[in-house]
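Using the sequences plus the hints, can you model the full thing?
First to last, the protein sequences are chains P and G.
Under our numbering, read the first sequence as residues 4 to 188, first letter to last.
Under our numbering, read the second sequence as residues 38 to 471, first letter to last.
These aren't lab readings, by the way, just hints derived from the structure by calculation.
Don't take each hint at face value.
What the hints assert, rightly or not - Listed below are the simulated BS3-like cross-link pairs for lysine-lysine, each with C-alpha atoms no more than 30 angstroms apart in a straight line:
| hint | chain 1 | residue 1 | chain 2 | residue 2 |
| --- | --- | --- | --- | --- |
| 1 | G | LYS355 | G | LYS252 |
| 2 | G | LYS367 | G | LYS211 |
| 3 | P | LYS166 | G | LYS336 |
| 4 | P | LYS151 | G | LYS335 |
| 5 | G | LYS252 | P | LYS166 |
| 6 | G | LYS224 | P | LYS131 |
Claimed, not checked - Far from chain G by the CB rule (all over 12 angstroms, computed), these chain P residues:
| hint | residue |
| --- | --- |
| 7 | THR57 |
| 8 | GLU60 |
| 9 | ASP67 |
| 10 | ASN85 |
| 11 | ARG92 |
Unchecked claim - Computed, partial: chain G to chain P, Cβ under 8 angstroms:
| hint | residue |
| --- | --- |
| 12 | ARG75 |
| 13 | ALA79 |
| 14 | ASP91 |
| 15 | THR136 |
| 16 | THR259 |
As the structure is a prediction and not an experimental result, all values here were calculated from the model.
C-beta: ideal position from N, C-alpha, C; glycine also.
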Amino acid sequence: MTDDFNELQPESALPEADFIRLFARHELELRNYARLILPDWSYVDDALQDASVTMWENRAKLRDESGFLPWAKVIVRNRCFNAIAKLRRDRLVLDSNVLDLIANEEVTDSINFQLKTLHKALEDCLRKLTLEHRNLVLAPYRGAGAVKELAEAARRSPNSLYKLIGRLREKLYVCVENKLKLEAL
Amino acid sequence: MTPEERIDRYLLGQANSEDIEILNHLLQRDEALRQSYRFRVALEGGYREAALRDSSVTSNPDPATQIPDRRFSWLHTAAAAAVMVLAVIWFMGNQIPETIATISNISGPASWTGDEGRVIDDLESGIPLSGGSLEGTSPKSWVEVTFTDGSVVTLSGDSMLTFSDLGQKELHLKRGSLFADVRPQSKPMLIHTRTASLTVLGTRFEVETELAATKLDVSEGTVGIRRISDGQAVEVSANQYVVAAADVALRPALRDEPVHVWKSEMSRGSKGLQGKWLLDEEGAGARLWAIPYLTHNKKTIFTIAASVSQSGAPVVVKSDSLVRVRGRLKSDSQVFVGLTLKHRNGEFGGRFQVRMPKGEVSANSDFDLLLPLNKFSLDPSLESLSEIFPSRPDGLVVKTIWCHSLHNQAGLSISHFGIEGPTGTSILAAKEHK
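Put into structure tokens, the structure is as follows:
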């Protein structure tokens, strides 16, 4: 897939300070968008860093704020699909057609809640867990080997801990969903 | 496994090629599942943010375990602002049922009904439990539950327990038996059976219940018991037991001295037996036929079991004890005989088993085997917990004796189980001698 973001660029430039502010405002959404396509946060970091450099280099082409997000998403999307094409040789990833479908739906049918609201609801739900379970659920995000270390400390297999993490995540999913429903009332 | 579970496995980097294949197929066709995928990815960011926050407040001195934060430094300001916003906003509502206990050990099939009636039958150690019902679904089931205050309750065999903790622990033993090691309670733990109610402040004891009676056996401390039929109540102290039944005086007694021999009395009825109980066609007694159970890993075994030390004196096996099994097999199959054991205080002591010798058990013929206790070894499904069980069964109380054939219906039936002294000639010993 080529970097065809030029086709979407707005008509004239935004000041640098405005660009930085816009990127900061939308960074969470762009990061989420990249994670839809890429199988791991470390690849998301790489892709977003590359994409942000491209955006910065082309910031002069931006004219107004409303065009920033779709423009930025196209750049991020292209970086992600480039990355996943290389990844496919070394690890199991979803089919490109499926990821394409998901990425398109994210643009045309954006989930009807704010990510910050969702993350807040998740934090509330995480607080209801025991400290031990909270640490376990968050362990996969604490660097490679964190779950394995917990498994060794508990004299259990990492696989059994991942199963438990899966159950806890399912509970949290239901909890967050319910909170958002309450919020919508 | 549900598609949603596969999505989570994928997001956690745990998916295998089968998961990917199935997900590709389902996600391509199912828009609702794609929405679920997007929702789960959105949560991913929240998990990562929470992990970042936790790491920053715990100030881990080991740089190797820090999450590499490769975002631009000016974005930290935005993240900090987001955290402040999150800290200020507080949504009301608590959708996760509070965890009141955790499964600390498990072996054999069991299921949990909680969380608005959802049934989970692939339980494993570490699973958090809120209020609900725990069921041991076979004679070989064993589940140990640890409450948040450290109190431990163990279900063994075919048992069912419902529990809650709304400021006071309340347990309903619907069937089977439990062993409890209860930490001191500010409000007494209540245990209800069909025939009795128990009040517990902090102690160790065992409860067995059946349709018309409840037996309470106390190892430490004191437990109050009230008979439901007439409201009469007594206190039972350490090393005492009592039976609460409508037709027996409610009077604590010292524990019986152990015995070392026992035999089943199948012709007297099906009480204490698990299997299909039928009178022999010849009128020469009764026979128990194996019935199917699903094991923890979803394999079918055909099992027969008999309670041993249920109402009488505890039957303690010695190193030279022999286990007698008489029965019949319709078709060739591997057959195992085993004992579920407990310590004198009621605590679970493990399961030990032996495989019936080939050649002694054949299709369409009766068998009568004497199996020496020293040939019994720890059930392989308990191997990972071998350090918490005695290495040998001798000296332990026999709770249940059981027999099962594997996977296929082999027409296994048993007419007699027994624990005998070293007077007979063991079939395994005789074979080894030959």
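These are the hints, each one checked on the structure:
1. Annotation: proposed proximity of G:LYS355 to G:LYS252 holds, straight-line Cα distance about 25 angstroms (limit 30 angstroms).
2. The hinted pair formed by G:LYS367 and G:LYS211 fails the criterion: a straight-line CA distance of about 35 angstroms is larger than 30 angstroms.
3. The hinted pair formed by P:LYS166 and G:LYS336 meets the criterion: a straight-line CA distance of about 20 angstroms does not exceed 30 angstroms.
4. A C-alpha spacing of about 27 angstroms is found between P:LYS151 and G:LYS335, which places the hinted pair at or below 30 angstroms, so the restraint holds.
5. Between the alpha carbons of G:LYS252 and P:LYS166 the distance comes to roughly 38 angstroms, so the proposed pair goes past 30 angstroms and is violated.
6. For the hint linking G:LYS224 to P:LYS131, the alpha-carbon distance of about 24 angstroms falls within 30 angstroms, and the restraint holds.
7. Non-interface status of P:THR57 relative to chain G is upheld: no Cβ of that chain comes within 12 angstroms, the nearest being about 14 angstroms off.
8. No beta-carbon of chain G is positioned within 12 angstroms of the beta-carbon of P:GLU60; the least distance is around 15 angstroms.
9. With a least CB separation of 21 angstroms from chain G, P:ASP67 remains clear of the 12 angstroms interface cut-off, as annotated.
10. No Cβ of chain G approaches the Cβ of P:ASN85 within 12 angstroms, the least distance being about 18 angstroms, so the stated non-interface status holds.
11. No beta-carbon of chain G is positioned within 12 angstroms of the beta-carbon of P:ARG92; the least distance is around 14 angstroms.
12. The criterion of a C-beta within 8 angstroms of any C-beta in chain P is met by G:ARG75, whose closest approach is roughly 6 angstroms, and the hint holds.
13. With 8 angstroms as the threshold, the beta carbon of G:ALA79 comes within range of chain P, its nearest partner Cβ sitting at about 5 angstroms, so the hint holds.
14. The interface hint given for G:ASP91 is met, as the beta carbon of that residue sits about 6 angstroms from the closest beta carbon of chain P, less than 8 angstroms.
15. About 6 angstroms separates the beta-carbon of G:THR136 from the nearest beta-carbon of chain P, less than 8 angstroms, and the hint is met.
16. A hinted interface residue such as G:THR259 counts as satisfied when its beta carbon comes closer than 8 angstroms to some beta carbon of chain P; here the least separation is about 32 angstroms, so the hint is violated.
Checked against the numbered hints above, the structure breaks hints 2, 5 and 16 and satisfies the rest.
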